[in-house]
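Make the full structure from the sequences, and use the hints.
Take the sequence shown: its letter number 63 is residue 63 in the working numbering, and every next letter is one higher.
In short, the hints are calculated from the structure, not lab data.
Note that beta-carbon positions come from the ideal geometry of N, C-alpha and C, so glycine has one too.
Just to be clear, a hint being listed does not mean it is correct.
Below are the PhoX-like pairs computed for lysine-lysine, each with C-alpha atoms no more than 25 Å apart in a straight line [what the hints assert, rightly or not]: (1) 83 - 109; (2) 71 - 83; (3) 83 - 115; (4) 109 - 60; (5) 71 - 60.
If you anchor each label on the Cβ, the simulated ranges turn out as follows [to be verified]: (6) 54 - 130: 21 to 27 Å; (7) 36 - 125: 46 to 52 Å; (8) 48 - 152: 28 to 34 Å.
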Amino acid sequence: MPNLLVFYEQPERAQRTVVILFFRMQIIFYEDRNFQGRNYECSSDCPEMQSFFSRCNSIKVDSGCWVAYEKPNYSGYQYMLHKGEYPDYQRWAGFNDCIRSCRMVPPYKGNYRMKIFERSDFAGQNLELVEDCPDLHERFHTRDISSANVMEGYWMLHEHTNYRGRQYFLRPGEYRRHSEWGSTSATFGSLRRVTEIN
Numbered sequence: 001m002p003n004l005l006v007f008y009e010q011p012e013r014a015q016r017t018v019v020i021l022f023f024r025m026q027i028i029f030y031e032d033r034n035f036q037g038r039n040y041e042c043s044s045d046c047p048e049m050q051s052f053f054s055r056c057n058s059i060k061v062d063s064g065c066w067v068a069y070e071k072p073n074y075s076g077y078q079y080m081l082h083k084g085e086y087p088d089y090q091r092w093a094g095f096n097d098c099i100r101s102c103r104m105v106p107p108y109k110g111n112y113r114m115k116i117f118e119r120s121d122f123a124g125q126n127l128e129l130v131e132d133c134p135d136l137h138e139r140f141h142t143r144d145i146s147s148a149n150v151m152e153g154y155w156m157l158h159e160h161t162n163y164r165g166r167q168y169f170l171r172p173g174e175y176r177r178h179s180e181w182g183s184t185s186a187t188f189g190s191l192r193r194v195t196e197i198n
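Below, the structure is given as structure tokens:
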């Protein structure tokens, strides 16, 4: 549920009510499957969570959109988590029961625009995208993406076509090498906008 804040304005001849919604984003990590065992509630970015729980086998996203990471400091496998319940790690396409850091995706309502490049340092063939692309090879004619410039919005890059395989979260900014978004390989299959926020 959003926190509701109401302002009342009373101009000389009319009364107007202004309503502003503030969403408190929250995610809960559980050590055991089906939301059992020790748990940790989080409402902001957390670069290190190992001291709060030893493993993660289920997750509830109460609100917002989050990226969970296998290792501390936002590294390792990445998992995009939307509002909902994940009773075991296979439900978020997890490779294991390790979650060591998380980052919230800020609410965003606006345009989406990014440019991908075949080679590092924004070199080689390039393509500008403003919408989801389920098959990069079909559209870009190469599977190699070694650098990117995210101009607007938040994006997820996927290892395979149709948004399968490892995921990589890209925020607005310049990425001169694929290692800057956490990948050890420059081969990717699909790309999509992060649009589900609440």
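Against the structure, the hints:
1. A hinted pair counts as satisfied when its Cα atoms are at most 25 Å apart, and residue 83 with residue 109 qualifies at roughly 17 Å.
2. Under the criterion of a C-alpha separation no larger than 25 Å, the hint pairing residue 71 with residue 83 is consistent with the structure, at around 22 Å.
3. For the given pair, residue 83 sits about 28 Å from residue 115 by alpha-carbon distance, which is inconsistent with the 25 Å threshold.
4. Simply put, residue 109 and residue 60 have alpha-carbon atoms about 24 Å apart, close enough for the 25 Å limit, and the pair holds.
5. Only pairs whose Cα atoms come within 25 Å are accepted, and residue 71 paired with residue 60 is accepted, the gap being roughly 19 Å.
6. The beta-carbon spacing between residue 54 and residue 130, approximately 43 Å, falls outside the hinted interval of 21 to 27 Å.
7. The given range of 46 to 52 Å is respected by residue 36 and residue 125, whose C-beta atoms sit roughly 50 Å from each other.
8. Restraint check, residue 48 to residue 152: a C-beta distance of roughly 30 Å satisfies the suggested window 28 to 34 Å.
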